[in-house]
Amino acid sequence: MYKFIENYDENINENSLKFSGIDIAEPRFTISGRDENINITAKEGNFIGEDKVLLNKEVIFDSSNFSIQAQSVIINRKEQSAISNYKSLFKSKKTIIVSDGFNIHQGGLKIEFYGKSKITIK
Amino acid sequence: MKSKLIFIFLVLSLNNSLYSREIGQTEITAENGVEVFQDEKYYLIKQNVKIVSDDFTLNADEVKIFFRDDLYDIKIINAFGNVILISETNLIKAEGDELLFYLDDEKLNILGNNSIFSNEDIIIKSNGKIIIENSSGKFEILGKKSSLESKEIFIKGNLINGKMNKLSNKNSIKELYVNDDNIAYIKNNEIEMFANIIKYDDQSSIIELENNVKIKSKSETIIGDYGILDTKKNSYKVRSKDTNKVKVVITNNNE
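Quick note, the sequences are listed as chains A and B, same order.
Per my numbering, the very first residue in the first sequence carries number 1; after that it's consecutive.
Per my numbering, the very first residue in the second sequence carries number 1; after that it's consecutive.
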């Protein structure tokens, strides 16, 4: 279940958002997985469909088990998925994965990393 | 702006730190991505996979890695397609269509046509399955064209199993069982042995042969149903259920 929590920056008004072409400044979402919540933050967000939100700049997925950083991600609130075709950095305990994008399914139970990928295990 | 710069710096610095593997780290690279299955506790690494660690290098078309609770806590590596495992520290090389590496038990399964396992002393080949347990020294070779070769011995059969012993840095066979419904074969120094079942025990130094037995030395060939060869004394005898059936062919090279 995706939940749009709040627009944090109270100084940004509706006019400035329209002018900048950004629907949401510093958006925050949560994916409710079966075992854990994944908190998603970014600098900018745009609605690109009924259920889809494009997140741009400093997009971070954070849960108790892992975090993912990327520059641009599309989340689908209905399908509980998130997809990115940009270079991403996954970090969990003693493990780092660098890839050319990712796709989170089933509230984080399945994560696909795209393209040339490198896993480093410490 | 400041936070953005820190973020970019973090991503860049982490990327740079990944380019070179540090001691103690395992580095896995692939051409076509990784799928992580949290429930099933494995990740699938796709296309031209290369795993480099302090102890070994593994190349394969695809690799499944099974973990316990976290991704780093690996228990099984299952590699598929053109698999090559090299351990320079243990002087081991393994090749096959599929490889299963159980890290806790130090157990290696190599499957498929033209499977090969070698260390500094032996070469094992099979078109079926090779199982090596490094900790216990046990091995099992199953399938067509199965063989084990060292400087001292050559063994061929559809089923070869036994135990290795590492003495003075040299792998030697401690126990051996060879079975082949067609014919199993062992060549030891100057003696060749054929039988459906061949057994060897290092403690007694005795090679035991059962069914369709043939022992061939430079000077003679003996055929029977049961044979015993003492490797220490280099002596052998063959008997038959029907004593008249034992056949000896004497070869005199001086004549």
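Any given hint could turn out to be false.
[Said to hold, decoys possible] Pairwise CB distance ranges (calculated):
#1 Ile76/B with Arg34/A: 20 to 28 angstroms
#2 Ile84/B with Lys116/A: 30 to 38 angstroms
#3 Gln106/A with Asn113/B: 33 to 41 angstroms
#4 Ile48/A with Val52/B: 34 to 42 angstroms
#5 Asp201/B with Gln106/A: 31 to 39 angstroms
#6 Asp62/A with Leu103/B: 29 to 37 angstroms
#7 Arg34/A with Asn48/B: 32 to 40 angstroms
#8 Gln106/A with Val52/B: 26 to 34 angstroms
#9 Ser147/B with Arg34/A: 44 to 52 angstroms
#10 Asp73/B with Glu36/A: 13 to 21 angstroms
#11 Asn85/A with Glu149/B: 48 to 56 angstroms
#12 Gln106/A with Asp55/B: 53 to 61 angstroms
Since the hints were derived computationally from the structure, they do not count as laboratory data.
Don't be surprised by glycine CBs; every beta carbon is placed ideally from N, CA and C.
Here's how the hints hold up against the structure:
1. Ile76/B with Arg34/A: 20 to 28 angstroms: holds, 24 angstroms
2. Ile84/B with Lys116/A: 30 to 38 angstroms: violated, 21 angstroms
3. Gln106/A with Asn113/B: 33 to 41 angstroms: holds, 38 angstroms
4. Ile48/A with Val52/B: 34 to 42 angstroms: Roughly 41 angstroms apart at Cβ, these two residues keep to the hinted range, so it holds.
5. Asp201/B with Gln106/A: 31 to 39 angstroms: violated, 55 angstroms
6. Asp62/A with Leu103/B: 29 to 37 angstroms: holds, 30 angstroms
7. Arg34/A with Asn48/B: 32 to 40 angstroms: holds, 33 angstroms
8. Gln106/A with Val52/B: 26 to 34 angstroms: holds, 31 angstroms
9. Ser147/B with Arg34/A: 44 to 52 angstroms: For Arg34/A against Ser147/B, whose Cβ atoms are near 51 angstroms apart, the range 44 to 52 angstroms holds.
10. Asp73/B with Glu36/A: 13 to 21 angstroms: holds, 18 angstroms
11. Asn85/A with Glu149/B: 48 to 56 angstroms: holds, 52 angstroms
12. Gln106/A with Asp55/B: 53 to 61 angstroms: Violated, at about 35 angstroms.
The earlier numbered hints that this structure contradicts are 2, 5 and 12.
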